[in-house]
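Colleague: From first to last, the protein sequence lines stand for chains U and V.
Going by numbering that gives the first Met the number 0, the first sequence opens with residue 0, and the numbers climb by one from there.
Going by numbering that gives the first Met the number 0, the second sequence opens with residue 0, and the numbers climb by one from there.
Hints were generated in silico from the structure; no laboratory data involved.
C-beta: ideal position from N, C-alpha, C; glycine also.
Heads up, some of the hints might be wrong.
[To be verified] To list a few chain V residues with every Cβ distance to chain U over 10 Å, as calculated:
hint, residue
1, G91
2, L111
3, A127
4, K145
5, K146
6, G183
7, E213
8, R292
[Said to hold, decoys possible] If you want a taste of the chain U side facing chain V, the calculated C-beta under 7 Å gives, among others:
hint, residue
9, C53
10, A109
11, L110
12, H129
13, E131
[Stated by the list, open to error] Computed beta-carbon distance windows for the label pairs:
hint, chain 1, residue 1, chain 2, residue 2, range
14, U, R154, V, V336, 29 to 37 Å
15, V, R292, U, R30, 49 to 57 Å
16, V, R323, U, G82, 44 to 52 Å
17, V, R292, U, E56, 33 to 41 Å
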Amino acid sequence: MNVDRRHTRLVIGIGNPDRGDDGAGRAVARRLRDLGLPGLEVLESDGEGTSLVCAWEGAHDVVLVDACRGAGTPGSVHRIEAGEAERLDALNHASTHSFGVAAAVGLARALGRMPSRLVVYAIEGIHFGHGEGLSAHVDHALDEVVALVVRDLSRAPDEARRGRRGDPAGALRRSTVR
Amino acid sequence: MSTNARSRSITVDALARVEGEGGLSIRLRGGKVADVKLRIYEPPRFFEAFLRGRSFREAPDITARICGICPIAYQMSSIHAMEAACGVKVEGALRALRRLVYCGEWIESHVLHIYMLHAPDFLGYESAIHMAQDHPQAVQRALELKKIGNELVTVLGGREIHPVNVKVGGFYRVPTRRELGEVGEKLKRALDLALETVRFAASLECPDFEQDYEFVSLRHPGEYPFNEGRIVSNKGLDIAVSEYEDHFLEEHVPHSNALHSVRRGHGAYHVGPLARYSLNFDRLPRVAQEAARSAGLGPVCRNPFRSIVVRAVETVFAIDEALRIIAAYEPPERAAVDVEPRASVGHGASEAPRGLLYHRYQIDEKGAILTARIVPPTSQNQKTIEDDLRHFVPAHLDLPNEELTWRCEQAIRNYDPCISCATHFLKLELRGD
Chain U
0 MNVDRRHTRL
10 VIGIGNPDRG
20 DDGAGRAVAR
30 RLRDLGLPGL
40 EVLESDGEGT
50 SLVCAWEGAH
60 DVVLVDACRG
70 AGTPGSVHRI
80 EAGEAERLDA
90 LNHASTHSFG
100 VAAAVGLARA
110 LGRMPSRLVV
120 YAIEGIHFGH
130 GEGLSAHVDH
140 ALDEVVALVV
150 RDLSRAPDEA
160 RRGRRGDPAG
170 ALRRSTVR
Chain V
0 MSTNARSRSI
10 TVDALARVEG
20 EGGLSIRLRG
30 GKVADVKLRI
40 YEPPRFFEAF
50 LRGRSFREAP
60 DITARICGIC
70 PIAYQMSSIH
80 AMEAACGVKV
90 EGALRALRRL
100 VYCGEWIESH
110 VLHIYMLHAP
120 DFLGYESAIH
130 MAQDHPQAVQ
140 RALELKKIGN
150 ELVTVLGGRE
160 IHPVNVKVGG
170 FYRVPTRREL
180 GEVGEKLKRA
190 LDLALETVRF
200 AASLECPDFE
210 QDYEFVSLRH
220 PGEYPFNEGR
230 IVSNKGLDIA
240 VSEYEDHFLE
250 EHVPHSNALH
260 SVRRGHGAYH
270 VGPLARYSLN
280 FDRLPRVAQE
290 AARSAGLGPV
300 CRNPFRSIVV
310 RAVETVFAID
320 EALRIIAAYE
330 PPERAAVDVE
340 PRASVGHGAS
350 EAPRGLLYHR
360 YQIDEKGAIL
370 TARIVPPTSQ
380 NQKTIEDDLR
390 HFVPAHLDLP
400 NEELTWRCEQ
410 AIRNYDPCIS
420 CATHFLKLEL
430 RGD
């Protein structure tokens, strides 16, 4: 089945809901799905890199939402564009796979399979042990992340890029939105 | 970093390209290997404890969460153990569908390992991404193959991650012939890609290194093993799954978090593709046997570096088997057989992509789980991996530190170790006295 996704706006919530705050990305995805916005496709993924590259195949505008560690205070939210390679690398993807978001982007680039626009929202988590359930810090950040993603996806690409010409080698904390 | 000939110290922050994190410490004394400590696996004790008090019907869903890359293996081992406990045997189309979903998982897991985790070692690349820049076709092939494996798992498992459709007694829903036919079309293409993968793997240069392993796997009278059979070895073992604990035990290793699994009275043993292949070559379909021979393999393989070729051969098998099952499929009248609990103990073993996965449960008359024991393949291989390194390193001491470190990592990755349960962050230390 070949679906034309050239005009698709796609959100992929990434993580493992059985490992505490690693479920943040997928919790955001579920809230976005419940909004039922037209033209918005929402997927969930465990973050395995090759399946991410396949999941965004043909999509024009992609937002990934994931948990991270070591980027800021618990519950802080970080917006990273695909071109900011060093900040992407600095994300410590709290998943059980060594081939996560940063690797997926690198792989897609090497294969010419990057979407026109790709943005990553990373939410700083604090608890990643066994068990379902988000920490209070992360739980309180979800609605705001949902709002930011919706705003991001409703902007035209030029508008989104304006004002983001920062120093890509800057610290991960730059562009912290919350 | 010291370059004194008698004293060598190498540190690598994390063992890359295995599932999860892990580390290795090797100590040399006077040019000989004095000690090897491998800490890459933490047993799923959380899950064994968490299962207590839960219903026996929940075991597949709970244990599926132990491993992100092989949930089906955990589901199958737990399901067979519970069905054994309750005195139920699933046959016919439901049995075939179980093999079919397992085919999907083998395809996904093996392809990921061959191309993304192991091939970079052989070709001298730091990562699959670097490799993709120079070998885009190979990596595209991997993505396409893995996607087809994933579709097979999804059509049977109901969801891409943590399949929910599998249960004690069978399935919640069985697929239609048309649903299977659709993925069958893609599997035909996948077979070509898998044969290409065998050729690709066979072309990789690998060290000449063989060990006299005790191979352990399931063996079945009529098929290459997935879910059923006796547990056999190439050194005289031939037992029912229910006798596993009479012959294998786990020993605590004082210096590490590792548990060493040994065969009583024998020592280390080797599970996984090399073991399955060497014990069951005659059960492979002709297309897989021919691919193996073209790749320069005989019916037995004792070189762990050639496991990458064996995984490719198993991928060919899994696709061929899937096509065979799909062609013969007639949807059963019921998606599952009834299973009623009784107070008993049940044992189950299935062949996860990485090797033999053993489960044992004790349940009460209402089906509540009293105790659980889960022995994954990677924990059974830890001692063997250490032994490999102990034998491998001395012949390569002439290599500069960086290259020797890389070779050691490659040797560990021969076992496709699944260390997703490991939470410890460890280093590779090659220290000389």
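Colleague: Hints broken by the structure, by number, lowest first?
Modeller: Violated hints (numbers, rising): 2, 3, 4, 5, 13 and 14; every other hint is consistent with the structure.
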